[in-house]
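Novice: Take each chain as given, in its own frame, and dock them per the hints.
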Amino acid sequence: MINLSSIPKDQEQDLGSSYLLLEVHDSGGLARELEILRKDPLSHFKILALCETARDDIFSILSDFPEVHGILSPTNTLVERRIKRILGWERNADEAGEKTLWEIGIRQKRQGNDLKPMIQESLSKAVLYEGYAEDMITVLAELLSNAFFNAPFDQDTRTFPFKRSPRDVNVTLGDQKQVKVWLTEGPQFYSLTVHDPFGSLERRVLLENLERAAKRQHDQLRKEGPGSGVGLYTIFELATEISVTIHTGVSTLFECSFYKASRKRNYMEMGKNLVIERHEGG
Amino acid sequence: MDSLKIKVDLRGGVGHVDFAGSIDEEARYDRTNLRECSKVVFNLEGIELINSTGIQKWIAFIDALVGSVFIERCSVRIVNQLNMFPGFFGKKVVTMKSLFVPYFCESCDESKHVLVSCDQKSVEFMKSGKCPGLPNCNQCSGSLEFDGIEKKYFAFAKYENVAFDGKELLRVS
Numbered sequence: 027m028i029n030l031s032s033i034p035k036d037q038e039q040d041l042g043s044s045y046l047l048l049e050v051h052d053s054g055g056l057a058r059e060l061e062i063l064r065k066d067p068l069s070h071f072k073i074l075a076l077c078e079t080a081r082d083d084i085f086s087i088l089s090d091f092p093e094v095h096g097i098l099s100p101t102n103t104l105v106e107r108r109i110k111r112i113l114g115w116e117r118n119a120d121e122a123g124e125k126t127l128w129e130i131g132i133r134q135k136r137q138g139n140d141l142k143p144m145i146q147e148s149l150s151k152a153v154l155y156e157g158y159a160e161d162m163i164t165v166l167a168e169l170l171s172n173a174f175f176n177a178p179f180d181q182d183t184r185t186f187p188f189k190r191s192p193r194d195v196n197v198t199l200g201d202q203k204q205v206k207v208w209l210t211e212g213p214q215f216y217s218l219t220v221h222d223p224f225g226s227l228e229r230r231v232l233l234e235n236l237e238r239a240a241k242r243q244h245d246q247l248r249k250e251g252p253g254s255g256v257g258l259y260t261i262f263e264l265a266t267e268i269s270v271t272i273h274t275g276v277s278t279l280f281e282c283s284f285y286k287a288s289r290k291r292n293y294m295e296m297g298k299n300l301v302i303e304r305h306e307g308g
Numbered sequence: 485m486d487s488l489k490i491k492v493d494l495r496g497g498v499g500h501v502d503f504a505g506s507i508d509e510e511a512r513y514d515r516t517n518l519r520e521c522s523k524v525v526f527n528l529e530g531i532e533l534i535n536s537t538g539i540q541k542w543i544a545f546i547d548a549l550v551g552s553v554f555i556e557r558c559s560v561r562i563v564n565q566l567n568m569f570p571g572f573f574g575k576k577v578v579t580m581k582s583l584f585v586p587y588f589c590e591s592c593d594e595s596k597h598v599l600v601s602c603d604q605k606s607v608e609f610m611k612s613g614k615c616p617g618l619p620n621c622n623q624c625s626g627s628l629e630f631d632g633i634e635k636k637y638f639a640f641a642k643y644e645n646v647a648f649d650g651k652e653l654l655r656v657s
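Top to bottom, those sequences are chains A and B. Residue 27 is where the first sequence starts when you use our numbering, and the numbers rise one by one after that. Residue 485 is where the second sequence starts when you use our numbering, and the numbers rise one by one after that.
If we strip away everything but chain B, and leave its shape as in the complex, we get (with noise of 0.2 Å):
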């Protein structure tokens, strides 16, 4: 039984992959047929658990990938592994173009997941290890604080594997 969903939309070159479930021992990849694409773009919100013998699955799929690859609602929990394993994108150099940025809301005692394009502004400060920006909450309107500790969780941003690309990489119709 696969473990993980794959839902492949292949148009005009460019392969956009929506992921969803949980990136284990069980998870298949053979089915894909992303070989040919000369762009993969990844929606990684729905990825909810990783594990350690997911991950080598993982890297030998993206290292079989001919085409770039690019990264988008990229979840808090991918960014942690990122930061736990700077080869978990394998040899490739990956683009991020969002991603979800934690916050805890204290008046709704809520933790909030916010996404957050990779345009320059966020990037620069994402690099210095800083949060970018603190938004409201859109339940009470409050302001976010950033929950986690910021160069820990933005640490990826200074990766040689990572590139930043926050322009909207429109799906070819």
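Chain A on its own, in the form it takes in the complex (with noise of 0.2 Å):
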């Protein structure tokens, strides 16, 4: 039911914050097999589980182990309900408790800055552990900087025009063409929200990243070209919930959750979940 993608015993140094990284295709045995690892000298890894389906009996499962930090999956179904709120743009706030904070278009990748003094006095009332704002801005840098360099893409000329810039160059979109960001508030969450209008990345280049980054090897950072390649690792450790929805071709979503916690440890302790969605033409 599992195939184990595991760190090499001798990064043991790395033991006490690294990835177990399970592919899970069944619920058959999965509580059993999920016991056996807590027994396991691997047990002090955090587990990610990858699923092929999205299942409720397969989640039911995971959330019952502490051990798993994240669950990769097709859909969730809570998750997509959020999602496609936001891409119907039906954000009933009565519904959801949710209220939007603000919402902003851009064009240039600098006028990102703009928004960081935004999102801190936007939190500056909320009473969250100290840092909850600057994590904040961290991925909201990450989203910018993907949306900006890696999604663009030219329908005409097949490429990716800023893909290979260097990242402090500061990049207008053509077309009219705009990044859309917003920040939304819930009873328990703030979400922030970033929609760009190419739907170009590919989900399995993300995965990639992802588990590399994960993995804390050598090769984690890569210390040539214009990226290092862990700006999706960066949001999945900053974030509680993230949900990518692309639609090849036309756009993709990125919306980050963020449990409002005055303490650290109880933000950490609420887990993760990522989801990444690709759906075929708009």
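Please keep in mind that the hints were generated in silico from the structure rather than gathered at the bench. Hints may be right or wrong, so weigh each one.
[As the list claims (entries may be wrong)] Within a straight-line C-alpha distance of at most 27 Å, the following computed DSS-like cross-link-like pairs (lysine-lysine) qualify:
1. A/K151 <-> B/K614
2. B/K575 <-> A/K249
3. B/K523 <-> A/K249
4. A/K142 <-> A/K203
5. B/K635 <-> A/K65
6. B/K642 <-> A/K298
7. A/K298 <-> B/K635
8. B/K576 <-> B/K636
9. B/K636 <-> A/K65
10. A/K249 <-> B/K605
11. B/K614 <-> A/K65
12. B/K576 <-> A/K249
[What the hints assert, rightly or not] Stretch by stretch, here's where chain B covers chain A in the computed footprint (C-beta under 8 Å, at least three residues):
13. 84-95
14. 157-164
15. 257-269
16. 279-291
Glycine included, every Cβ here is placed at the ideal spot set by N, Cα and C.
Specialist: This is the structure:
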């Protein structure tokens, strides 16, 4: 049922915060095998579950194990509902208890700097652990870097015009295209959402980057090239819940939720959830 | 515009460097002039933000240094980065002299980052994944609790590329 893609034991100095990647194909025997893993010398790993299918019976078993820090799956109904609401621009504040604090469209990468004080101001009255706003600003920087450098795709030349650009270049999107950013507040979470009008990201590439970074081996950080390849991993480490919805050739939506907590420990104990969905065409 | 302010104090072959701001794509290290230093001491308390592009440039900067690197007043943010990215200090073995540890005061309902010296006793605790003591709150004098997951926060203490030395490295005047 489970294929282990574990970190070699000679990396033991890193065990305190390394991940064990599990491929989960079925629920049969899953609980028993997770119990065995608990007793295994590998049990000090955090578990990141890669689910082939999105099934409630699998999620139910995985959620019984606090060692499972992340679930990567094609879909998760709870998260999906939220995504659909956002995609359809049907934000029903009464239904979800959410309100939009601000929403903005930007065409230049450097305009993202203006959003940092907006985040700080929006969170200034809430009782949150020290560094909460800075974590959210870091996530915003990763999302905008992705939206302005990795995502733009030129349909005519079939190329990514900015992918190789140094990251300190102030990229401007053409054709009146813009990246939308909004911050919402719900009863338990703040959510930072970034939408790009390209839909060019590959689910496989995102997962490969995450897996490579999460293993924390010598190839974790790319030393050459414009990007270090750890943006999604950084987001995964800092946000509580991440959902990525890619509509091929149309749009990519990253929604990152941050559990409201005055203590970092409470925040960390919420665990993680990552969902990446890809839909063909618009 | 430089997002990272770097203040360098060069005396007797030792470079004391105070950083303030963001380790990001806009950070510039080309004016630090630390190449001739046999020792550099980084005060990392003022680092507020770090992003993935910034890490790439930061590592290139560290790797280009000739002298040994000492870290003092290492912020919680830097420790978290080190735990996420074991190669955060590049190929160097750095010596940590002091770091901030995150605590929480229940009665004040506030986070408190407390500076801890990397003396032998503290390092023994950290290497076993434990918090090196529970100090009292500077406001209400109540007991502080560690705010985080100890094993995770102190994971870096076992890295082969991090050494510890709690003795004060005095500035040469």
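Novice: Taking the hints in turn, state whether each one holds.
Specialist: Right, here's what the structure says about each hint:
1. A/K151 <-> B/K614: violated (33 Å)
2. B/K575 <-> A/K249: holds (12 Å)
3. B/K523 <-> A/K249: holds (25 Å)
4. A/K142 <-> A/K203: Distance of about 22 Å is within 27 Å: holds.
5. B/K635 <-> A/K65: This hinted pair holds, its Cα atoms lying about 18 Å apart.
6. B/K642 <-> A/K298: Within the cut-off at roughly 25 Å; holds.
7. A/K298 <-> B/K635: Roughly 18 Å between the alpha carbons, so the hint for A/K298 and B/K635 holds.
8. B/K576 <-> B/K636: holds (22 Å)
9. B/K636 <-> A/K65: Holds. B/K636 to A/K65 sits at ~20 Å (cutoff 27 Å).
10. A/K249 <-> B/K605: It is violated: about 36 Å lies between the C-alpha atoms, which goes past 27 Å.
11. B/K614 <-> A/K65: It holds: about 22 Å lies between the C-alpha atoms, which stays within 27 Å.
12. B/K576 <-> A/K249: holds (15 Å)
13. 84-95: With 0 residues closer than 8 Å to chain B, the stretch 84-95 of chain A misses the three-residue bar; violated.
14. 157-164: holds (count 4)
15. 257-269: Contact hint for the stretch 257-269 of chain A vs chain B: holds, 4 residues under 8 Å.
16. 279-291: holds (count 4)
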